[in-house]
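Peer 1: Take the given structure of chain A and dock chain B with the ligands to it, following the hints.
Chains as they are written, first to last, in our numbering: chain A, 24 to 119; chain B, 217 to 651.
It is worth saying that the hints were derived from the structure and are not from the lab. Ideal Cβ positions, reconstructed from N, Cα and C, are used throughout, including at glycine. A portion of the hints provided could be inaccurate.
Residues of chain B placed beyond 10 Å of chain A at every Cβ, according to the derived structure [said to hold, decoys possible]:
id : residue
1  : ASN277
2  : PRO315
3  : LEU459
4  : ALA481
5  : LEU485
6  : LYS581
7  : ARG593
8  : ALA606
9  : ARG622
10 : LEU625
Which chain A residues face chain B? A few, computed with CB under 10 Å, are given here [stated by the list, open to error]:
id : residue
11 : GLU62
12 : SER106
13 : PHE116
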Amino acid sequence: MTDRIISFQERMDTAEFRVHHQAHIVVDSRVCADCSTRECVIACPANLFIPTSDGGLVFNYEQCFECGTCYIVCNREGAISWSYPEGGHGVVFRRT
Amino acid sequence: MSTPDVDVIVVGAGPAGSCAAIVAARAGLDVVLLERGPFPGSKNMYGGVVYPRILDTLIPNWWEEAPIQRWVTRRSTMLLTDTQALTIDFRSEAWGEPPYNGATAFRPDWDHWLAGHAEAAGAQVLTDTTVVGLIRDPGGAVVGVRTDRPDGDLRAKVVIACDGVNSFLAKEAGLYEHTDAKHYTLGVKETLALPKEVIDERFAVRDRHGVDIEILGCTGNVNGGGFLYTGLDTLAVGVVLKLPKLAAQKKRPEEIVAGLKQHPAIAPLVQGAELKEYSAHLIPEAGLTMMPKMTMPGMLVAGDAAALCLAAGIWLEGVNFAMASGMYAGEAVVEALQANDTSATGLAGYQRRLSDTFVLKDHRKLHRAPELVLSDRVQHLYPGMVANVAERMFRVDNPHPKPGLRRILNEERKKAGVRRRDLLRDGWTGFRSFG
Ligand SMILES: Cc1cc2nc3c(=O)[nH]c(=O)nc-3n(C[C@H](O)[C@H](O)[C@H](O)COP(=O)(O)OP(=O)(O)OC[C@H]3O[C@@H](n4cnc5c(N)ncnc54)[C@H](O)[C@@H]3O)c2cc1C
Ligand code: SF4
Ligand code: SF4
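If we strip away everything but chain A, and leave its shape as in the complex, we get (with noise of 0.2 Å):
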């Protein structure tokens, strides 16, 4: 028997978020453009920086473990503004 492979998307669900209206982090896409290393595209856990097919990248803030991982991989200056979000959002996690 093997198991079922599961989407990323199933993945993420199974974690609970509480969104907030306001991005936690908030991702400028100008300084991202000529980036070639793109280290947050592989490290961040969530997959949530997401190259785009022009050479840009998205960033959703939504379902972050808000580990911090981005802003201590990349390297460049101003890219990532980083904080934790409003008091009683974000992540809760249950059984972890």
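Peer 2: Okay, now just chain B with the ligands, sitting in the frame of chain A:
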């Protein structure tokens, strides 16, 4: 200067913060414990084993009430190559009875429980509150925090920063020299559901007994390690990955976990288990190399916020270091407020306690261990070499006679491209660190 609202503000209701609050509140101080999550533990994840003996004095007979999953009575260390596995497996019945050794537990349960003790001691626990900055007097001393609540400033005689690995408070105060990606590992984990009887059978345990498996050689090109722990009716399987190495290659974290789960030695253990929760968190991995200044006028730093987590390969202990450092911070604050001196000198009892106890003693002893365990040789060359030695030791190759161990060792060392000099040096470093 405005008067303080309370004696002590503790930021972060993780194990460090709750233990600090328990000690300070029990001494009669007016304590507020601030937590950004909707309940203590809601933001926290880890591999899965707590070593709670440090609570013996703080919460006598803690084992009668602590929310644990299983008592760890079996501890294994596994070396993997793509097709081989070498396991050292230890079990002890003594670890299944009071005062126990380690236990698997969920952090949302564990942290919630500990924060309950802080509340019972008289601390005021305020959840849903994110601290966004420090309030300092003209001389630079910390005199309170800003929160994201309306009228959110809160002043205190002392602030204890227990705000975890990213500690924006310690960084804002300038206690860290800099943030370096190579000092951190990313942990990702899957909590999987499986019936209790199936877990008991697969892992050869009974009742509330459980297993802790640390794994080396399962993270491909990325230096790191893996783990597999048993909950009551769940498994925790995951990896920790060195950040710069992770970011410099092509495999995503969840793919590395998937690779581990497909390994022939792991797959039969996790087969059929359903994903219940996927999670991630950082670990301050570099111990003494990265530790910040622990105190400044008006503020102390404890737990992961002070990089006190011990991450030395087969040891991954942070919760006990957090609980202990929180306790010692609490004690030092009580002392300082009795003497009415919250200057660096007044708070010096904290550093002294850290130095005199396992907290910094273990870090000093295992100083070289994280670097050794995450080194390229230990990560990429030794597992294969050791597994091949074992395979040839146990292989019956008749009509060939059995080769001698020395010959096998030498041949496999050469085959792996390991220089004798490096092997001896690593062995000596390992012996000095762990011995
Ligand atoms: C993958 C992984 C596996 C691990 N495995 C183990 C293990 O098996 N055993 C073990 O003992 N340790 C393990 N650890 C280490 C352990 O989790 C940590 O060392 C421990 O959690 C540190 O406790 P703490 O109280 O210092 O910090 P945390 O547990 O991180 O608590 C910090 C608290 O502060 C709150 N907070 C942060 N910032 C703010 C703010 N600005 N305002 C308000 N609140 C704030 C957070 O919400 C959180 O509740 C592991 C860690 C990881 C990531
Ligand atoms: S966030 Fe940083 S690492 Fe990611 S693309 Fe932008 S500049 Fe590069
Ligand atoms: S904090 Fe972690 S989960 Fe959130 S975007 Fe950054 S790397 Fe991804």
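Peer 1: If a hint holds in the structure, say so; if it does not, say that too.
Peer 2: Outcome of the hint check:
Remark: the non-interface label on ASN277/B is consistent with the geometry, its nearest Cβ contact in chain A lying 26 Å away (cut-off 10 Å). Against chain A, the non-interface label of PRO315/B holds: every CB pair exceeds 10 Å, the least being about 26 Å. Its beta-carbon lying about 6 Å from the closest one in chain A, LEU459/B breaks the requirement of being farther than 10 Å from that chain. Here ALA481/B stays apart from chain A, with its beta-carbon at least about 16 Å from theirs, past the 10 Å limit.
Look at LEU485/B: its CB is around 12 Å from the nearest CB on chain A, clear of 10 Å, so calling it non-interface holds up. For LYS581/B, the shortest C-beta to C-beta distance to chain A comes to about 28 Å, beyond the 10 Å cut-off, and the non-interface label holds. No beta-carbon of chain A is positioned within 10 Å of the beta-carbon of ARG593/B; the least distance is around 24 Å. Interface exclusion of ALA606/B from chain A stands, the closest Cβ pair being 29 Å apart, more than 10 Å.
Interface exclusion of ARG622/B from chain A stands, the closest Cβ pair being 43 Å apart, more than 10 Å. The non-interface label for LEU625/B is consistent with chain A: the shortest C-beta to C-beta separation is roughly 37 Å, beyond 10 Å. Here the hint on GLU62/A is kept, as its CB sits about 4 Å from the closest CB of chain B, short of 10 Å. About 7 Å separates the beta-carbon of SER106/A from the nearest beta-carbon of chain B, less than 10 Å, and the hint is met.
Restraint check, PHE116/A versus chain B: the minimum CB separation of about 5 Å is within 10 Å; hint holds.
Hint compliance for this structure: hint 3 is the single one not met.
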